[in-house]
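Chains as they are written, first to last, in my numbering: chain A, 432 to 635; chain B, -18 to 212; chain C, 65 to 312.
Don't take every hint at face value.
Okay, derived cross-link-like pairs now, DMTMM-like style, lysine to aspartate or glutamate, Cα gap no bigger than 20 Å in a straight line [unchecked claim]:
#1 219(C) x 447(A)
#2 180(C) x 111(C)
#3 219(C) x 486(A)
Hint data in this document are derived by calculation from the structure and do not stem from the laboratory.
Model, not experiment: these values are computed from the prediction.
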Amino acid sequence: MTAKFSADGLTLFRGERLLFKGLSFALDPGGMLLLEGQNGSGKTSLMRAIAGLIEFEDGDVLWDGKPVRSNRQAFYGSLVWMQHRVGFKADLTLVENLRFESHLRAQSDEDFDEVLERLEIARLKRLPLRSLSAGQQRRVALARMLLSRVPLWLMDEPFTNLDRQGRKLVMDVTTEHLDRGGMCIMAAHQDVEIGGNVTKIVLQ
Amino acid sequence: MSNEHASAGMMSGILGVARRDLLLAWKRPGDILNPLFFFAMVAALFPLAVGPSPEQLQFSGPAVMWVAALLAMLLSLNSLFLSDFEDGSLDQMLVSPVPLSALGLGKTLAHWLTSGLPLVLVAPVVAITFQMPIFVTGYLMLTLLLGTISLSLLGSVGAALTVGLHRGTALLSLLILPLAMPILIFGARTVSLVAAGDGAAGGLYFLAAYAVLTLSFAPFATAAALRISNE
Amino acid sequence: MWKFFHQMASPPHFYRIAAKMIPWFMAPALMLIAYGVYAGLFLAPMDYQQGDAFRIIYVHVPSAYLSMMTYMVMAISAGIGLIWRIKLAHAVAAAAAPLGAWFTFLALATGSIWGKPMWGTWWEWGDPRLTSELIMLFLYIGYMALRGAIDDTTKADRASAVLALVGAVNVPIIHFSVEWWSSLHQGPTLIKEGGPAMDPGMLYPLLAMIFGFTLLFGGLLLRRLRAEVLFRERRTKWVKELVLSGGK
């Protein structure tokens, strides 16, 4: 039985610098991969490379047993990504930004307003994103993940700019996602309390 | 079934992105107006530099307006992918199952609607100052309509190649101007020919064919360039 | 067959083979060019219309031909590099661009010098070939400017490859549109297509120059490529060993 998502012998350079060599891991439904490491250890680069934005020098990432490189579309149809920059337009309102997401990937059946309620951003609905605080914008990015119907979550430093309550929210929704059989790859330098099947990788 | 789904996703991607960009442009009308003012100002430079002789203006009008339009398009192209690159929206588009060429085409469509089409529409106003006869103005609008489509498409490749580079603005012009020369040649010369009493069919056919050609390859080149620039 | 390509594309192997190949390009190139220059300047009969001025074609035509061919070489190798991810192909494109720009410049300069006695001016917009060459020079400049603006070699390779391919689609269109444009006012041209057949005494030196220039281009390209390969592989073991052993 092959894993749903796996990587085999990944090697990545950034410029002239070797970030890691021969990195392998496997992830099954309900599983989570936690990437730890200092600033500059290559967490973000690994995340971007998994998302196919930069190329591994060597090695393959497999989704459903097929190399992602030649099955990009299927892979992208299965993931949603929370990166450093939230990836929203500052001039558009919260609702306009989230509505646009439906053109990029499949949406879940979750009720739009309920999700906003839960993330405590419902009252900001009509405001342009630029008037939201960094932490509130993070929550909107979290809403993007909850509203999309995909199994794989990529989260790069999801706790940045969030207060304690916000951090707990991230951990809660991630745990629920894993309980539903979802998968998550998270890069974080804080302590993460997420129950379940968590594999840790420490990048040097 | 799955194919049907994919093509529906593509159309929705093109129109969704185009809608979003139009909405953004609506909230920042300056982005639309600035290239138009630029167009009018460049066109006004020539009479000031050349002199007010009506014959001369009438003679050089098509060329001047076409050059001004080309430069105005270049000016607006610079920001095509820049804000998406800076705020991370481009990353989100890159990991979408909707083909990047479709999303890029949506952006190009919005770009044309917000900079190409307005140029076509204000051209008659500027044409009046060049004493251009009405029917010549009609052909000017027609050539601009076809030419700006190609310019938007061709320019999207250049904008994608230079997004994120320090000296992007000057570089974009260096990349796109030589490629855009056929458009300028056929656009401006066709209008001049009409003004001189000749037929315009050949030039219009060329511009239409060139628009179709750029439509067939530019979205893919743009997508490839965006992936490379965003590495 | 595939293995052969793979081996050829391996940098240390290529570096060694190229060194052996260069003389095979340069020697015949110099002989052909020496013959072409001598025969073209002294043996070929005078043109009955242009007098001795026509003799500049012995530089102008090969340069103009190579400025086009180099762009083809550049675009094709860029395409190969982009599709099959062969790094050496990208190096070929990178090494070819400045050569192409120089040939284009040479074609423009000689065309302009030729134009002075023929038209009485250094530049005549009515000549479609010169105008095309000028746009060609702009294309090369754009390509090199893009390369220069990107620090990362791999990224510069791939970005400039996209540009070269888009340019290659456009080159024939540019020529066509410039032809059309100049045909509108029947401008004077230096070379007319379908003109009277050339006297063999004029033709042979010209052919020798064209072949000589092509071989010279091949030799120069290999030389530049070796330097390019060395620079790109500067962090590898084989280059370090090469340097330590004094280049042997």
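Task: Numbered hints the structure breaks, given as an ascending list - done: Nothing - there is no hint that the structure violates, so all of them hold.
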